[in-house]
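Engineer: This is what each chain is made of:
Protein chains: 2
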Amino acid sequence: MSSTRDIDALIEMMAKLPGLGPRSARRAVLHLIRKRALLLTPLADLMQTVAATARECLNCGNVGTSDICDICASEKRANGELCVVEDVADLWAMERAGVFKGRYHVLGGTLSALDAVGPEDLRIPKLVDRVTAENIAEVILALNATIDGQTTAHYIADQLEGSVKVTSLAQGVPIGGELDYLDDGTISAALKARRDV
Amino acid sequence: MSSTRDIDALIEMMAKLPGLGPRSARRAVLHLIRKRALLLTPLADLMQTVAATARECLNCGNVGTSDICDICASEKRANGELCVVEDVADLWAMERAGVFKGRYHVLGGTLSALDAVGPEDLRIPKLVDRVTAENIAEVILALNATIDGQTTAHYIADQLEGSVKVTSLAQGVPIGGELDYLDDGTISAALKARRDV
Ligand SMILES: [Zn+2]
Ligand SMILES: [Zn+2]
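These protein sequence lines map, in sequence, to chains A and B.
Residues 1 to 197 in full-length UniProt numbering are what the first sequence spells out, letter by letter.
Residues 1 to 197 in full-length UniProt numbering are what the second sequence spells out, letter by letter.
Bound-form chain A, shown alone (with noise of 0.2 angstroms):
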């Protein structure tokens, strides 16, 4: 059908987005067509204007629409914390929770052997000069609990050793969270870091 050729190709686009497979993409299509006016042409809109202006910022990689994002420009944040997140979704994790006060540093993956990323790739270096440069006094590594974030972690701690604190997210039962649906990892770290109540 050529003529619904531009409609296969927005199907297929949005097919290939996280979270969204070829079913999802046609309901979600066809959602948007019957909406044009009301959703589809103010959303094209969006992503235009989005895509126009949002840019990594230059000293900690969150997604903004400046070259410097609106924590590492505000002074305020300045208290000699930084945290250390794989990926900006993280970064958001943890301003939406509101109780870190500090700066971010995102590295933007892990190291993995496998797929070849080594520290040069992850603003790693980065992250060595703003320690000094803005006298961070502690670092808080919240990376995944997976064997790339901690093999990250250990790295990290190693080229930061000696000259500032590094600490990281304690691990264990999230808040809510039931045993039954926790994997063993998970559990097992808990149990070792047990304490008094």
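Please keep in mind that the hints were generated in silico from the structure rather than gathered at the bench.
Here the structure is a predicted model, which is why all the values come from computation and not from measurement.
Where a beta carbon is used, it is the ideal one built from N, C-alpha and C, also for glycine.
Please note: incorrect hints may appear among the correct ones.
Unchecked claim - Residues on chain A that point at chain B, a partial pick, calculated with CB under 10 angstroms:
#1 Ser24
#2 Arg36
#3 Ala142
What the hints assert, rightly or not - In silico SDA-like pairs for lysine to any residue, Cα to Cα no more than 25 angstroms straight-line:
#4 B:Lys76 <-> A:Lys16
#5 A:Lys16 <-> B:Ala89
#6 B:Lys35 <-> A:Ile68
#7 B:Lys192 <-> B:Ala89
#8 A:Lys76 <-> A:Glu134
#9 B:Lys16 <-> A:Ala89
#10 A:Lys101 <-> B:Pro22
#11 A:Lys35 <-> B:Val164
#12 B:Lys101 <-> A:Pro22
Based on these hints, arrange chain B with the ligands on the given structure of chain A.
Structural biologist: Showing chain B with the ligands alone in chain A's frame:
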């Protein structure tokens, strides 16, 4: 973060799409921002194009880029068979199965006392007109095997009684099953085994 307002708005809009939630919308938007030249700009352009060109076929309700869709415009598809589906997604599922060679009629839903959906809301009058206007010999009801789907099938069979042969997809469609979830083979088998209503 006022300067990231557009990014937040984009996430919020994406999160409303069927199949996406807040978390997958955030992931999708980060992915799009990372690949903004390769993915976000082309996607926005394509959405703009589709918003400007997509429309519902005035005859059958299919989605395409002209007032009369390719299937209705094709003389080859005028074989006297008319397949009635609830939704455009179902029409696409039938087309992917590749076994039906006639034309379609998209109802746009099912009769529903609960949601106050009556025959006029469903292109049923138009269906009755088409049976005569297009010399239809057989109406094949390919409605979902839900209570509302079957109620609608019986209502349509009553309306068309005496004027045309009415059949429905048979064994192969599981109870409570929706066409769009079925594999091509199941749809194909159900069409071949269709029976009188
Ligand atoms: Zn920043
Ligand atoms: Zn049509």
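Engineer: Hint by hint, note whether the structure agrees.
Structural biologist: Structure-based check of each hint:
Here the hint on serine 24 (chain A) is kept, as its CB sits about 3 angstroms from the closest CB of chain B, short of 10 angstroms. Checking arginine 36 (chain A) against chain B: minimum C-beta separation of about 5 angstroms stays under 10 angstroms; hint holds. A least Cβ separation of about 17 angstroms between alanine 142 (chain A) and chain B goes past the 10 angstroms threshold, and the interface hint is therefore violated. With a C-alpha separation of about 34 angstroms, the suggested pair lysine 76 (chain B) and lysine 16 (chain A) falls outside the 25 angstroms cut-off, and the hint is violated.
Under the criterion of a C-alpha separation no larger than 25 angstroms, the hint pairing lysine 16 (chain A) with alanine 89 (chain B) is consistent with the structure, at around 19 angstroms. At roughly 19 angstroms between alpha-carbon atoms, lysine 35 (chain B) and isoleucine 68 (chain A) fall within 25 angstroms of each other, so this suggested pair holds. This hinted pair checks out: lysine 192 (chain B) and alanine 89 (chain B) have alpha carbons roughly 21 angstroms apart, not beyond 25 angstroms. For a cut-off of 25 angstroms, the pair hint linking lysine 76 (chain A) to glutamate 134 (chain A) stands: about 13 angstroms separates their Cα positions.
With a C-alpha separation of about 19 angstroms, the suggested pairing of lysine 16 (chain B) with alanine 89 (chain A) holds against the 25 angstroms cut-off. For the given pair, lysine 101 (chain A) sits about 24 angstroms from proline 22 (chain B) by alpha-carbon distance, which is consistent with the 25 angstroms threshold. Straight-line distance between C-alpha atoms of lysine 35 (chain A) and valine 164 (chain B) comes to about 35 angstroms, which puts the hinted pair past the 25 angstroms bound. For the hint linking lysine 101 (chain B) to proline 22 (chain A), the alpha-carbon distance of about 24 angstroms falls within 25 angstroms, and the restraint holds.
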